[in-house]
Structures are given as structure tokens and as C-alpha cells.
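**Q** Sequence:
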Amino acid sequence: MYISLSLLLNVILGSLGIAALILFIILILKVLKLVNNINSLIDSNKNNITKACSNLPTISKNAIDITDNVKGITDVATEATAEAIVAKDNFLSNYETIKDIINIIASIFIK
142 MYISLSLLLN
152 VILGSLGIAA
162 LILFIILILK
172 VLKLVNNINS
182 LIDSNKNNIT
192 KACSNLPTIS
202 KNAIDITDNV
212 KGITDVATEA
222 TAEAIVAKDN
232 FLSNYETIKD
242 IINIIASIFI
252 K
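Going by this note's numbering, the letters in the sequence shown line up with residues 142 to 252, in that order.
Mixed in with the good hints, there may be bad ones.
Stated by the list, open to error - Cross-link-like lysine to aspartate or glutamate pairs, in silico, DMTMM-like; alpha carbons within 20 Å at most: (1) K174 with D184; (2) K229 with D241; (3) K212 with E224; (4) K240 with E224.
In case anyone wonders, no lab produced these hints; they're calculated from the structure.
All chains, full assembly: derive it from the sequences and hints.
**A** Structural data, given as C-alpha cells:
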């Protein structure tokens, strides 16, 4: 009794096809289980998701207000820094003037 080569190849290909079909069915079942888990997760968090979505306009408005406040603070800080630099320069100028006056007075009395 001999087995032909074509019959052997058909049996091997059939076995591989059946194995691939079984693996495909297992894959489909796992994907369905994953989809069911995702659906149950969404259902259990439906209230939280709805609340978060309804709060998004308020959150974005608050973010805009915060950005405007930060911009205002930055502008004030820039102005304060500029005024501090001017005050420092004025102080140094006055200090130099007073120092020169003291040097002149000292030179008069030291002679």
C-alpha cells in the first residue's frame, strides 16, 4: 500500500488549513472578549465621561483666563524690572555725584 505524494500534500495542507482556521477562531474570540471588556469599561465610566465632556468648555475658559492672568503678570514683571533698572541707574548716578562732591570738599579741607 502506497500513499501518493499529492495525497500526502493534500493532507498536510488540509491539516495546516484546519490549524489556521482554529487559530483564526481563537483570535476572533479574543478580539470579541476585548471589545466586550472595552464596552463594559465605557459603560461603567459613562457618568464620568459625560461629566468630563460637559466640563470641557469650563476648563478651556479657565485655561484662557489663566493664560491672560499670566500674560498680565508677565507684563507687570517686565515693567517692574525696567523701573528697577532705571532706579538703580539713577541711584548710581546720584551716588557718583555725591561722591564727587565729597571728594571736592575733602580736597578743599585737606590742602
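**Q** Checking one constraint from the list: CA of K229 to CA of D241, max 20 Å. Satisfied?
**A** With Cα atoms ~18 Å apart, K229 and D241 stay inside 20 Å; holds.
**Q** Quick one, are K174 and D184 close enough, alpha carbons at most 20 Å?
**A** holds (15 Å)
**Q** If you draw a straight line from the CA of K240 to the CA of E224, is it 20 Å or shorter?
**A** violated (24 Å)
**Q** Verify the proposed pairing of K212 with E224, using a straight-line Cα cut of 20 Å.
**A** holds (18 Å)
In summary, the one numbered hint that this structure violates is 4.
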